[in-house]
Amino acid sequence: AVSNIHGAAAKAGISPARFIFTDVADKALYIARGSLADLFLDTPLCNGHTTGTDVLWSGVPILTLPMESMCSRVAGSLVTAVGCPEMCAQSMQDYVERAVRLGTR
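Residue numbers for the sequence shown, in my numbering: 3 to 107.
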């Protein structure tokens, strides 16, 4: 899996060195590691339910694209509940544009 991710990144012009893979850790270390990220890009079709909650707990914002199904709307509910409804993109194009803008600041 790691080599596939590195290969796809290289094809997209992204340095594989930007990816960090870790072993399983206890909850405290897991949350601490999460705080190293600048932004969590949520997957639109099936959101990060527990992972999304953990990411927010670590202080990292989530960008999400709520869709039709319940499993695609969980992160939208999470960011709204913490007072950041603006982190819900309105379309895939909006999601991509925001991700690029937030990821390159």
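Accuracy of the hints is not assured; some may be wrong.
To be verified - Derived Cβ-Cβ restraints for the label pairs, each shown as a range:
| id | residue 1 | residue 2 | range |
| --- | --- | --- | --- |
| 1 | SER60 | SER17 | 21 to 29 Å |
| 2 | ARG35 | ALA101 | 20 to 28 Å |
| 3 | PHE23 | GLU70 | 31 to 39 Å |
| 4 | LYS13 | GLY61 | 30 to 38 Å |
| 5 | VAL62 | GLU99 | 31 to 39 Å |
| 6 | SER93 | VAL4 | 25 to 33 Å |
| 7 | GLN95 | ILE33 | 17 to 25 Å |
These aren't lab readings, by the way, just hints derived from the structure by calculation.
No residue lacks a Cβ here, since even glycine has one placed at the ideal position from N, Cα and C.
Hint check results:
With their beta carbons about 24 Å apart, SER60 and SER17 fall inside the hinted range of 21 to 29 Å. As the Cβ distance of ARG35 to ALA101 is approximately 21 Å, the hint placing it in 20 to 28 Å holds. Distance hint check: the CB atoms of PHE23 and GLU70 are about 33 Å apart, consistent with the given range 31 to 39 Å. Between LYS13 and GLY61, the C-beta spacing of about 32 Å keeps the proposed range 30 to 38 Å intact.
Our hint of 31 to 39 Å for VAL62 and GLU99 is violated, since their Cβ atoms are close to 20 Å apart. For SER93 paired with VAL4, a C-beta distance near 32 Å keeps the hint of 25 to 33 Å intact. As the Cβ distance of GLN95 to ILE33 is approximately 33 Å, the hint placing it in 17 to 25 Å is violated.
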